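First to last, the protein sequences are chains A and U. Note that this note's numbering gives residue 114 to position 93 of the first sequence, counting from 1, and the numbers run on in steps of one. Note that this note's numbering gives residue 427 to position 406 of the second sequence, counting from 1, and the numbers run on in steps of one.
Be aware that one or more of the hints could be misleading.
Here are the simulated lysine-lysine pairs, DSS-like style, with alpha carbons at most 30 Å apart [to be verified]:
1) U:Lys166 - A:Lys243
2) A:Lys434 - U:Lys128
3) U:Lys243 - A:Lys66
4) A:Lys243 - U:Lys44
5) U:Lys76 - A:Lys281
6) A:Lys294 - U:Lys44
7) U:Lys302 - U:Lys132
8) A:Lys324 - A:Lys290
If you're looking for bench data, these hints aren't it; they were derived computationally from the structure. Please read these numbers as outputs of a predicted model, since none were measured by experiment.
Protein chains: 2
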Amino acid sequence: MERRDLLLVWETMLTERDYRTLKTQLADANEVDVAEFMAELPPDKTVLVFRMLPKEMASDVFANLEPEDQQLIISSATDREVSELVEDLNVDDAVDMLEELPASVVKRVLKTARPDTRKLINQFLNYPDSSVGSIMTAEFIDLRKSMTVSEAITRIRRSGDESESIYTCYVIDSRRVLEGVVTLRELLVAEDDTIVEELMETDLITALTTEDQEEAVNRMMKYDFISLPVVDQEHRLVGIVTVDDVMDVMEEEATEDFEKMAAMAPSEKPYLKTSVFSLAKNRIVWLLVLMVSSMVTGGILGKYEAAFAAVPLLVTFIPMLTDTGGNAGSQSSTMIIRGMAVGEIEMGDFLRVLWKELRVSILVGVILSAVNFVRLQIQYPGNTMVSFTVAGAMLVTVVMAKTIGSMLPILAKRLHVDPTIMAAPLITTIVDAVSLVVYFTLAQRLLGL
Amino acid sequence: MERRDLLLVWETMLTERDYRTLKTQLADANEVDVAEFMAELPPDKTVLVFRMLPKEMASDVFANLEPEDQQLIISSATDREVSELVEDLNVDDAVDMLEELPASVVKRVLKTARPDTRKLINQFLNYPDSSVGSIMTAEFIDLRKSMTVSEAITRIRRSGDESESIYTCYVIDSRRVLEGVVTLRELLVAEDDTIVEELMETDLITALTTEDQEEAVNRMMKYDFISLPVVDQEHRLVGIVTVDDVMDVMEEEATEDFEKMAAMAPSEKPYLKTSVFSLAKNRIVWLLVLMVSSMVTGGILGKYEAAFAAVPLLVTFIPMLTDTGGNAGSQSSTMIIRGMAVGEIEMGDFLRVLWKELRVSILVGVILSAVNFVRLQIQYPGNTMVSFTVAGAMLVTVVMAKTIGSMLPILAKRLHVDPTIMAAPLITTIVDAVSLVVYFTLAQRLLGL
């Protein structure tokens, strides 16, 4: 059965009040599907369905719900129920929820939580946005290096229910300083009486709570880990980052880069859930900035009024020149911005990139220039000087566009400015202005205007 | 110690021929770091270092090497060594390697491989590029539903060494049809004599070998899995997709989308490793196509020569109009293309998107228009009709740009064309042409040209 059909079957059961069958089916279902089902129900039904779920499943479904539905359920629950729910949630899911809920609800949740949970939640709420601390979770297996394999496995079997990731275990000393890492696989294939210290990896790859989350993502990808230990400045283990959170971060960061590179402020929510007003607000600022910049380009154009009044044909090549320059430049800036985002290109590669782009741009520029020259000679025979002007301006524009397009993102990073703002729209505006100056200067020289 | 320093220390040991210490250190190191170290060595040293590695580590390091280094090591090894290496590699890593090596080397590798390995490799080599089959691996734990928990754990402990992912186990029947899934965590927390059938999840979430790899990525992200079972048409289990491969696919697909959206053919290799010639080849085709399209725009402009000969001031607003139109359009197309890539926006959302973009564009368009009107009234007092022309053209351009920008990617998908080609550069070219027609038509009417 298609998963989509499953939701329809459940909906029918709900409409027909066949609660018993629905309850049985939901108990066996995947929590993500149940959450998707609940998201489409009216408020009263959402609460009804949530109360049907077996206790051990409720918090998993809850973690996957939309903030509005989470709020609904909390409002309809007793203090005791809220407290139990929060205890069952992983700390990172509880924190994600609290960040979306109105202050009054947050207050109630924290009031009902157990003191140690409350302390942990408050600590996690304090990590800055986009830091490793903000995406880590506090549930993990910690072992001591003196344990035997069978003691370790017993400990894992006991706490396995609670830990978000039991497959990588962390060995700490009495002050919680991280000493080693051992995978469950290594424990399982070892002899029962082997000491953990003999098995553990001591070449530790970690992240700091204060590091940028992108660093943790790149490190996990490099080493193919399914969880990464997070330590504080004293190298004490405070949490782990798990691969599912890392994938979410990867998707978010890529989406953010797409948005910023298309001259928008990044949005908090998915497109269909963002209001018209927010969408407009995210877009208008850059549109205004770029509009004002292209007024400058218009001003430059105004200086050459005499030239195009004399040879109006010149005007008809402007879109081709500026568009091609913009495209050539944004090709380069995109390659470099993406290369820096995935950690391939670093600031030290400045000269290597420049030399590469210079050669690419000459190759590409000569071809585009030649095509133009031939075309103009055929279309406007006798106007050889116009052909030279356009072809020459094209070559210079492409070389300059690619050089600017590749250098500005690296310079931005060096100046600690987000390189993505050097993407297509800004590069296009800059290249527009420069290419028009080149074009009309050439025209004035070659055509004697 | 910073990981970068580690590589320097090893390099010094190598130069000083302190092979004994180096060998000890490498044996304890992370295989990804060792591969990174080897990538920077001259060919003879690469082979030397590889021979220092303990046998159980060699294949892990090998899987992380660049194709050139892999070829080097294979060329310097005996048939027997090659055969052992290939047996130690996971099938997906062996296939990745073979796809990059020259035909003669592939032939030698396949000749020395054991018959069943050869058969498996050939099967994997046949899955089409970007299909789920092409990223899956054949190493996984399969259980029978009649087993007890302790039998299952014993089986896992025995085969744990070989399987890429032992943390999710797959229950199959005698014909290898997938019947259930059980995690190692569930097995570990259960009683020893519980039957696997009682524990296993039967609500199966799978991928087909022939599906697009992006589908598998989205499914794993949705359900937060660390591995996804891959079945054939008869629902027989043929492999699994693991989370580390999925992260690589996510990064590759996002990079590809960035490249395509900036009007480039996607590249096979990272930027710094791509030759100047390949880079130029990837970029020139779209630059030519778009250049020819903007010649059309130039042609349109030519039709209005009389208008701008009469009022040359009109020309100076062209860059602002076309740039703003292009930016407004690419904002919309980027949002929609990304929304479709992450599975948020579907073809059924066509009207919802249209209605949303229409409202956003009117909001944004009115603001940009008003700013322009006021500015023109101040800058060119008395030219009220020119102000009306520019402001009117701006509003129409923005509304039209956003409508076109949001609709074309969805239409492209409906026509089974890659929506990313409807990104900024093509949208800009289309919007350029339309906005110029609107602008000059308005100018002719309002200014009576």
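Against the structure, the hints:
1. U:Lys166 - A:Lys243: With Cα atoms ~36 Å apart, U:Lys166 and A:Lys243 exceed 30 Å; violated.
2. A:Lys434 - U:Lys128: Outside the cut-off at roughly 46 Å; violated.
3. U:Lys243 - A:Lys66: Holds. U:Lys243 to A:Lys66 sits at ~24 Å (cutoff 30 Å).
4. A:Lys243 - U:Lys44: Holds, because 23 Å separates the two Cα atoms, which is no more than 30 Å.
5. U:Lys76 - A:Lys281: Cα-Cα ~48 Å, so violated.
6. A:Lys294 - U:Lys44: violated, 56 Å
7. U:Lys302 - U:Lys132: Outside the cut-off at roughly 36 Å; violated.
8. A:Lys324 - A:Lys290: Judged against 30 Å, a Cα distance of about 45 Å means the pair is violated.
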